[in-house]
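There are 2 protein chains.
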Amino acid sequence: MDTAVTITQLAKMLQNLDRWLDTARGFAERKKFDPDVLVQARLAPDQYALGRQVQSACDAAKYAAAYLAGQTAPSHPDTEKTLDELRARIATCVRYLQSVPASAYAGAEDRRVAPPWLQGKWFRGADYLVQLAIPNFYFHVTSAYAILRHNGVELGKMDYIGSMPVHDA
Amino acid sequence: MDTAVTITQLAKMLQNLDRWLDTARGFAERKKFDPDVLVQARLAPDQYALGRQVQSACDAAKYAAAYLAGQTAPSHPDTEKTLDELRARIATCVRYLQSVPASAYAGAEDRRVAPPWLQGKWFRGADYLVQLAIPNFYFHVTSAYAILRHNGVELGKMDYIGSMPVHDA
Chain A
1 MDTAVTITQL AKMLQNLDRW LDTARGFAER KKFDPDVLVQ ARLAPDQYAL
51 GRQVQSACDA AKYAAAYLAG QTAPSHPDTE KTLDELRARI ATCVRYLQSV
101 PASAYAGAED RRVAPPWLQG KWFRGADYLV QLAIPNFYFH VTSAYAILRH
151 NGVELGKMDY IGSMPVHDA
Chain B
1 MDTAVTITQL AKMLQNLDRW LDTARGFAER KKFDPDVLVQ ARLAPDQYAL
51 GRQVQSACDA AKYAAAYLAG QTAPSHPDTE KTLDELRARI ATCVRYLQSV
101 PASAYAGAED RRVAPPWLQG KWFRGADYLV QLAIPNFYFH VTSAYAILRH
151 NGVELGKMDY IGSMPVHDA
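Line by line, the protein sequences are chains A and B.
Residue numbers for the first sequence follow the numbering used here, so the first one is 1 and each next one is one higher.
Residue numbers for the second sequence follow the numbering used here, so the first one is 1 and each next one is one higher.
Calculated from the structure, these hints are not laboratory results.
Where is the CB? At the ideal position from N, CA and C, for every residue including glycine.
Certain hints may be false.
[Said to hold, decoys possible] To give an idea of the interface, some chain B residues facing chain A are shown, with a C-beta separation under 7 Å as derived from the structure:
#, residue
1, Gln47
2, Tyr48
3, Gln131
4, Thr142
Make a model of the complete structure from these sequences and hints.
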């Protein structure tokens, strides 16, 4: 599991997510509703709304980078109330991900990852990345996408995937 | 990127998905509705219903294993109409994933992956796994989860994550 490659992919997905939010704003403008209504949209009453899905996707990526690089994660308080503020949060997170050099992930597979919520227990770095960080990140990114689609925002699978690393025959 | 470890994780997520479908059946029985109604549930009229999300998650995992191991993927026709049939589809897919030995993924990173829909173009194996197969897989698994949650099925984040590879302090 190449950690640096994975973190680069999470940054790419966050940049895709940023474009979905821009599409959502255009949709709201055409439909003449306040785009920030979408920040509170959710699929079930006891599930996170869009805003918290975006914050959680950012945090999943941020903590993956920080834990696996042996850094202290920067603090990004969950204060966003508008689509523009969520986009700024994404940009802040992506800048942090890009600030961690690939070399910082040397030995990440065998690093002990001990998030506070584990109360002293720990994951092996490779297990944490594959079984926790990646599924959790995609959970929140896809939930954000699903909330937007459920509300009529015109997105498709290629908006989700983003640029394709394709080679000519 | 350890391909075998990733495929093992996709199999784990499919087994989690199988449990959500079992929870969904219990929910339908308590609410006294036909559980197979859920197979057609969807979040937007132009998005896949639950059944096709499950089929697509299975296929994303199946093709990842087959392409990266240099095998021809087994054919699993999309004929499922009931939750039980979807669970059987998952079991068939998981058995296939488990049938591919880790050694078959030797050199997978640099393998040329040329799905028919690329019409002759190709991905480098590592790019395909990280940028296509994994995000696409989690897209369909999380969409299935979101459809169930939207319909009231009682699931939480730990049902999504499944077993935790945690070590004692």
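We went through each hint and held it up to the structure:
At about 6 Å, the closest approach between the beta carbon of Gln47/B and any beta carbon in chain A falls short of 7 Å, and the interface hint on this residue holds. A distance limit of 7 Å between C-beta atoms decides the matter here; for Tyr48/B the minimum to chain A is near 10 Å, and the interface restraint is violated. Of the supplied interface hints, the one on Gln131/B holds, with its beta-carbon coming within about 5 Å of a beta-carbon of chain A, less than 7 Å. Checking Thr142/B against chain A by beta carbon gives a least distance of about 4 Å; that is within 7 Å, so the hint holds.
Taken one by one, the earlier hints fail for this structure only at number 2.
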